[in-house]
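Undergrad: Protein chains in written order, with our numbering: chain A, 1 to 175; chain B, 1 to 370.
Quick caveat, the hints were computed from the structure, so don't treat them as lab data. Be a bit skeptical, because a hint or two may be false.
[What the hints assert, rightly or not] Pairs of lysine-lysine, DSSO-like flavour, derived with a Cα cap of 30 Å: (1) B/19 <-> B/190; (2) A/88 <-> B/279; (3) A/92 <-> A/164; (4) B/279 <-> A/92; (5) B/325 <-> B/357; (6) A/30 <-> B/190; (7) A/30 <-> B/279.
What follows is the residue order along each chain.
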Amino acid sequence: MYEIRIHSRGGQGGVTAARLLALAAFRDGKYATACPFYGAERRGAPVVSYVRIDDHPIRVYSQIRNPDLVVILDTSVMEVVDVFHGLKPDGKVVLNATREKEIAGHTTYAVDLTGIALSLNLVIAGSPILNTPVIGALAKMGIISMDSARNAIAEMFSDDRNVKAAEAAYKELVV
Amino acid sequence: MLTIATGNKAVAAAVKEVKPAVVAAYPITPQTEIVEQIAEYVTSGELDCRYIPVESEHSAMAACIGASVTGVRTFTATSSHGLMYMHEMVNWAAGARLPIVMANVNRALGPGWNVWAEHTDSLQERDTGWLQVYVSTVQEAYDATIMAFRIAEHQDVLLPVMINLDGFVLSHSMQRLETLHPGDFIPPMKLPHAIDTAHPAGYGTLTGPDEYFKFRWDIERSMRRSVGVIAGTERDFAERFGRSYGPAQEYRYEDADVVVIAMGTLGKEAEVAVDNLRKEGIRAGSLRIRWLRPFPELDLGGRDLVVIDRDYSFGFGGILAHSLKSKFRVDPYNVIAGLGGQEVTFDDIASFVRERKPGEERWFGVNGNV
């Protein structure tokens, strides 16, 4: 089982990112669950959501303690939440950032999701949309196929800039 | 069709297939997505149904009662405080013998204000004459909702059915879902006592001490008959659609020395604990109670029991554990866990099994035992 924890702030689309990722994994023929952890729901508050991907039906509902991958959509969350808590020794990190940060012992990938969203004018209520570009980045890492990523995004969003954002992130991320 | 959906969306999708004539509902966290989605189906024309956006849950059930007594299929959904506010009409629906189907998204009762999973809300409606089923996956939420209509409307039952799913943990989790077209699996609804304007009659009028108990006994007789109706419905469902459930779902149960008993998602998570305990050499199994009313007949003899109650009856104990105790004369280790969405992992469940003390009660997370 591959376990992913997504950190974001309310309104940035972390929950939708989890759902898109699960949908794409499902389109790849895998079993997948997306479980957002709902706290006090308000814009700007730190939010966590969980995705599990497996070849077998998934029976676990509790929160992910030891993720294989941590995705950080807003690096300012790192100041208030221990985002690496429980990350497996060989676990990976994806950051929404213009350049890589040293995170001891973990392979880290940086991709400027905010820049991609702004360049496509993918902005809702003043917030750049991060959930569709991040799916492209995760496809580049091989967690889901890019075909399924495209299909999942098209299934949930009619605006084709969302698929373009995912393709841009796919291109930009260096693995 | 194979897709991926939340528990809430699965319930709404099932309702769409069964085509109620009237849905009356009031939104409440974490149920909102169910009634929003049904409203969308009605707006888009995918569901031809009268959607009544009422001003309260009491009115939601009252509107369902008014519609149902005309002989049409009705549905509503609620949660927690909404169910409490509806309580008077919940009793009325069963007493009036109306096959209304309701989804309840299990949520704790305030204060403290809490929107997360707990079963005490629906367990407070235990004695109303409703049938109650507790589900553990998105697929099961869908299948149980479809079957609920057939069971409720069966001429041997004619009682309302409540489908219970854990708030957020299941209502907002996305999982694989196979949708289906029920076809003649759901026959047209026939209510023998439907209002007929050509033959005016009184409904639920003053019923004296010489008559009232007969109506109560009639509810109990139908409740007892519902056991066979549920079994027959689930058997037919399995033959047509390939998924079977039963009154309680056993996992590695046959040769188990110790059995974890729970309802809802904790009952599913317990299966992972069972697998891990077996690797340690502990012969564990699990039993997920699905139908709370009518309560299943179970063969629990000769094993240690660990009952997890995501509920509590103050001054008494865990409601599920004490139901098992009184019905089957067993002496389980009762763990009160998961109240108000308290996090309970498969590791925690495994530790309940290892530390079990038959006959005792433990509040998970509270230091020192009672």
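Undergrad: Going through the earlier hints one by one, which of them does the structure break, listed in rising order?
TA: Number 6 only.
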